[in-house]
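Enquirer: Residue numbers (UniProt numbering), protein chains in the order written: chain A, 1 to 92; chain B, 1 to 215.
Incorrect hints may have been included.
Just a few of them, taken from the derived set where beta-carbon distance is under 7 Å, the chain A residues facing chain B [to be verified]:
no., residue
1, 29
2, 44
3, 51
4, 72
Restricting the straight-line Cα-Cα distance to at most 30 Å, the calculated cross-link-like pairs of lysine-lysine (DSS-like) are [as the list claims (entries may be wrong)]:
no., chain 1, residue 1, chain 2, residue 2
5, B, 45, A, 43
6, A, 43, B, 173
7, A, 43, B, 160
These are calculated hints, taken from the structure and not from any lab test. Being a predicted model, the structure only gives us computed values, none of them experimental. Even for Gly, the Cβ is constructed at its ideal location relative to N, Cα and C.
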Amino acid sequence: MSGRRSRSTQASAVSRITDDQINDLVSKLQQLLPEIRDRCSDKVSAARVLQETCNYIRSLHREVDDLSERLSELLATADPAQAAIIRNLLMQ
Amino acid sequence: MATSLISNHPATNSERSRDSKRRKKKKINNSTNQNSVSQSRNRWKTETEQQIYSSKLLQALQQVRLSPSPASASASASASAPRGGRAVREAADRVLAVTAKGRTRWSRAILTNRLKLKFTKHKRQRVSAAAATRNIRSSKKPRVSILRLKGKNLPALQRKVRVLGRLVPGCKKEPLPVILEEATDYIAALEMQIRAMTALTNILSGATTSAPPPS
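Next up, chain A with everything else stripped away, as it sits in the complex:
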């Protein structure tokens, strides 16, 4: 970590995004991840956060896909009248 910081002070004159900002964003991301938030809320490496983020987004995608499948089946078999009723209910 300290090695990274000394290198960043050389680069920070050129780059406008500081290490601190990145760490800030990483910690914000950390708050969103249920895995890390519930287990160990402190001192998680950036690599771990990124890995968990990728896994979490993939699992969310899978869930959306499953829900889409179920919805398409339900919509196929449901009455068109019922769907219209639901829409009217939702749009009141």
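Given chain A's structure and the hints, the job is docking chain B onto it.
Expert: Quick look at chain B alone, frame taken from chain A:
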């Protein structure tokens, strides 16, 4: 969840205007980066956003369902009528992007990706408008290429950032902080999408009580 979805509606209009006023004031007062992240979380967590999304989603799904007839169109499958689940997923993503009001890269990327498919069917106006919006927005942000950050990050970290950039739509070539910011908003939006679709599924499966229940 289903009852709250329905019963909250009489109060929606006043609640929505109050919420949007409160959120607008918040945005003017706190312009720092930190609050934009928490705001995006709160925005996607509000009941109002979910209701907006649900109603739009239902509308879109109606159109999806009505156009392809299940068995006969499968043989002559056009590009715009894929298998049912895929179509629902695409419609859901599109509605999510619309609900985001184009403020984030991933939402614009989703919308322009769909437009690229339609572009071959001569819809030029929207593409040029979307591209113009994208150019205006992207020119304001500072560009720190990922190559410069190579000195800061280990190659393993770099790879993970790349993977993350591929997962979030529209962020393949963005610098690290942009990817992180987009990912935060994208995750919150996906969670809301899942909540809304789950509620919708429950309503629909609860409504089909005329047929004998499957479980």
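Enquirer: Evaluate each hint against the coordinates.
Expert: Results for each hint:
| no. | hint | result |
| --- | --- | --- |
| 1 | 29 | holds, 6 Å |
| 2 | 44 | violated, 13 Å |
| 3 | 51 | holds, 6 Å |
| 4 | 72 | holds, 3 Å |
| 5 | B:45 <-> A:43 | holds, 27 Å |
| 6 | A:43 <-> B:173 | holds, 29 Å |
| 7 | A:43 <-> B:160 | holds, 19 Å |
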